[in-house]
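Asks: The sequence shown begins at 533 in the working numbering and counts up by one.
Just so you know, these hints were derived from the structure itself, not from any lab. Every clue listed holds true.
Below, simulated DSS-like cross-link-like pairs (lysine-lysine); rule was C-alpha separation at most 30 Å, straight line:
1. LYS646 - LYS700
2. LYS646 - LYS687
3. LYS687 - LYS719
4. LYS700 - LYS687
5. LYS700 - LYS644
Estimated spans, in silico, between C-beta atoms of each pair:
6. LEU648 - VAL694: 22 to 30 Å
7. VAL694 - GLY657: 18 to 26 Å
8. ARG692 - PRO591: 28 to 36 Å
All of these numbers come straight from a predicted model, not from anything done at the bench. No residue lacks a Cβ here, since even glycine has one placed at the ideal position from N, Cα and C.
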Amino acid sequence: MPTSCLIWAATTKRLPKARKPSSWNPCFYYSTRCRGCFFIMPAAMTRQLRNCKKLSIDPNFWITHLMLGKVYAQQRRFGEALAEFTTARELSHGNSEAIGSIGYVAALAGDKAKALSVLNELQAGSAQRYGPPCNLALAYNGLGEQDEALRSLEKAVDERDVRLTLLKVDPRWDSFRSNPRFIAILKRIGL
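Whenever a hint applies, use it, and build me the whole structure from the sequences.
Replies: Listed below in structure tokens is the structure:
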């Protein structure tokens, strides 16, 4: 379910379909995660916070913490975002998206040492198990290292990483929008 929602590319006209599974079962976590894909866009963050708070039924569901972290990061509430991403990391036993998000937010919060530490951890971890390059790109993005971020995104395109389907609308990449390499990446993936 989450992957298919990502492929929908966050269009609001598809939102009613994303709501349907949770109307059958309000505890259906993945439909709420799916709706989170839509709600990461700035205009809908309040709804995303409401949806995530509904999931307090199971405080150990790491995806809820990941989504809350994304919302808090967009609201520039970096302390809260870091706390949520750290919880997501612990509960998921080291999910690389949670780790990359920690690096991204740490850099935005001005903690370059922590961001670099996370970047090193992602690089070392990818030698032991698969780590999507888009998560590495996110950490580079936070550090303002556009060339490295773009290199990682290009690798993610080569690997056909499904996480790139929201790249065009993900506000974390706004500073890249006018970069010709970024535009070329969007064209390569058909966005």
